[in-house]
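Novice: Just need the whole structure built from these sequences, with the hints factored in.
Numbering-wise, the sequence shown is residues 1 to 98 according to the UniProt record's numbering.
Hints are supplied without guarantee of correctness; some may be wrong.
Unchecked claim - Restraint-style ranges between C-beta atoms, simulated for each label pair:
| # | residue 1 | residue 2 | range |
| --- | --- | --- | --- |
| 1 | A95 | R2 | 11 to 21 Å |
| 2 | E35 | E8 | 18 to 28 Å |
| 3 | E46 | A26 | 24 to 34 Å |
| 4 | G43 | E97 | 17 to 27 Å |
Because the hints were derived from the structure by calculation, they are not lab data.
From a predicted model like this one, the values you see are computed outputs, not experimental measurements.
Where is the CB? At the ideal position from N, CA and C, for every residue including glycine.
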Amino acid sequence: MRVYLDDERPTPEGWVAVRWPEEAIALLQGGQVVELSLDHDLGDDEHGTGYDVLLWLEEAVATRGFVPPRVRVHSANSSARQKMELAILRIERFARER
1 MRVYLDDERP TPEGWVAVRW PEEAIALLQG GQVVELSLDH DLGDDEHGTG
51 YDVLLWLEEA VATRGFVPPR VRVHSANSSA RQKMELAILR IERFARER
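Specialist: Printed below as a string of structure tokens:
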């Protein structure tokens, strides 16, 4: 399954659309996600952002041996994109080191 977290952009063909971080995390927990594409700003920062998914993923990989899917960022928020890409590098490093 390929998961696309976004609040505005159309979901690409072949991807499963989710709007909120907890929806993406629930699908990740199911173990069927092979690719994840994240937006940062989802219209309600109190409800969460794409970065929150990466925080969950980083913790799961580092402490529980979770095998991460391929992750990419499609956010237009340049500073958030940079922060998210650094988180992806940490996740990949944790996955390699286990």
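Novice: State for each hint whether it applies.
Specialist: Results for each hint:
1. A beta carbon spacing of about 19 Å between A95 and R2 agrees with the range 11 to 21 Å that was offered as a hint.
2. Between E35 and E8 the CB atoms are about 20 Å apart, so this pair conforms to the stated range of 18 to 28 Å.
3. Checked against the hint of 24 to 34 Å, the pair E46 and A26 fails, with Cβ atoms roughly 19 Å apart.
4. Distance hint check: the CB atoms of G43 and E97 are about 36 Å apart, inconsistent with the given range 17 to 27 Å.
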